[in-house]
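Q: First to last, the protein sequences are chains A and B. Its first residue numbered 1, the first sequence is counted upward by one per residue in the working numbering. Its first residue numbered 1, the second sequence is counted upward by one per residue in the working numbering.
None of these hints come from the bench; they were simulated from the model. Careful: at least some of the hints might be erroneous.
Same chains, same names: a pair is fine if it fits in one copy or spans any two.
What the hints assert, rightly or not - SDA-like cross-link-like pairs, simulated, lysine to any residue; straight-line CA separation at most 25 Å: (1) K63 x P124; (2) K39 x S129; (3) K16 x R229; (4) K39 x E116; (5) K63 x R90; (6) K16 x N55.
Number of protein chains: 2
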Amino acid sequence: MFEASERAGEPPAGSKAEETRSRVLDVALRSFRERGYAKTTMRHIASEAGVSLGNAYYYFPSKGHLVQELYATVVAEQARRATTLLAEHRALAPRIAAAWHAAVDSSDAYHSFGSEFISEAIRPRSPSSPFSAESAAPRSVSQALYREVVAGARPAVPPGLRDDLPLLLWLAQLGIEIFWVYDTSAGRGRTRALIDGVAPIVASLVGLARLPIVRGVVDDALGVLHRARA
Amino acid sequence: MFEASERAGEPPAGSKAEETRSRVLDVALRSFRERGYAKTTMRHIASEAGVSLGNAYYYFPSKGHLVQELYATVVAEQARRATTLLAEHRALAPRIAAAWHAAVDSSDAYHSFGSEFISEAIRPRSPSSPFSAESAAPRSVSQALYREVVAGARPAVPPGLRDDLPLLLWLAQLGIEIFWVYDTSAGRGRTRALIDGVAPIVASLVGLARLPIVRGVVDDALGVLHRARA
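Turn these sequences into a full structure, and let the hints guide you.
A: If you want it as structure tokens, here you go:
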């Protein structure tokens, strides 16, 4: 009788399995960076990682699952980079810029693959969409980062904005990422300049929201946001 | 010797050619609405329009060319609908809402095809992109509409905003169209509500820009916009 791990096409259990999974993922992410998404095949990944095709499919049933892993990897890296920067800044503008720059820094190695990714992710019901059920885990890591950006800011963000600003900053990040996909400038300099330009404007608008005359418009805008999400 | 129009695969000249071209286009647009983009083939279009496949390709060398025609058709319809509404309103908020609603009205028949279209259009260098060289003609019709929205508003839009607001309203329309693609509510009610919510907020913000303290932030934001376009 065979042990489970000795059956053809089945992967080994325990730490060996973790190691294999991690190797397959590393090879896939490198291939996404170097060959692009369309040219990365499961067959190529399995061969490079030195595992059988069946074994590769066992860990990642489709390229879509690898993209989910990529999203999780990029978001974890964004959080790691941003957290270091957030410890150095109390003012809202540099805190916002830190989180946005960290998003660009952590995905820049995948820039050439960005346009293929966005074209796939923007389809309604795409599991790669940042709004999908499948993306819940990385989305919540990313949104938690923006809650930290807002909660730690001094002077404090006005109470009426404190709850909604993290979501707005995350949505703005998605907009910046669309701009970044189209950005062909050296070192993505135009995206960097956009971030450095927009972050202080957002902070100024948050400051203006303390004025009663502006406050009314802000309340109207938040009302529209809540109804749009409902 | 053959006349040009008698050669195999070549279309007839003059008004007959116009008529054929128009028939092929009508069939294609109907197929986009009813079968969707992916399932619309040139072979199917040619057969439905009663022309040879070579003849269909003569008028529209690819499905991409048909999408360009669709874009032009939708924008012309948007301009027609909006112009009627603009004659009735002087205030900025209903003028903005009129142009945005007209964008939704004119493309609503193609809603099921919207997600396929946006996924194609968002690729960098896609000829279907609203930013592409190929889309220059419909883009300029659409942007001219927003210049009319702004120029005819009373009270007048402050001079510092008059030049840039049309572009911002057009960019906002692209954002509304992304929301619309995902909108599965009956009659696209959520998109309608979003438009009716956002238009008065934009008008209020334009009014607030008359205050010196707000004016500074607006100038900063327009500076970022100009640098981002450069």
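Q: Look at each hint and say if it fits the structure.
A: The hints, checked one at a time:
no.	hint	result
1	K63 x P124	both (18 Å within a copy, 22 Å between copies)
2	K39 x S129	both (21 Å within a copy, 24 Å between copies)
3	K16 x R229	neither (44 Å within a copy, 51 Å between copies)
4	K39 x E116	both (11 Å within a copy, 21 Å between copies)
5	K63 x R90	neither (41 Å within a copy, 53 Å between copies)
6	K16 x N55	within (13 Å within a copy, 61 Å between copies)
Figure legend: structure checked against the earlier numbered hints; hints not met, in rising order: 3, 5.
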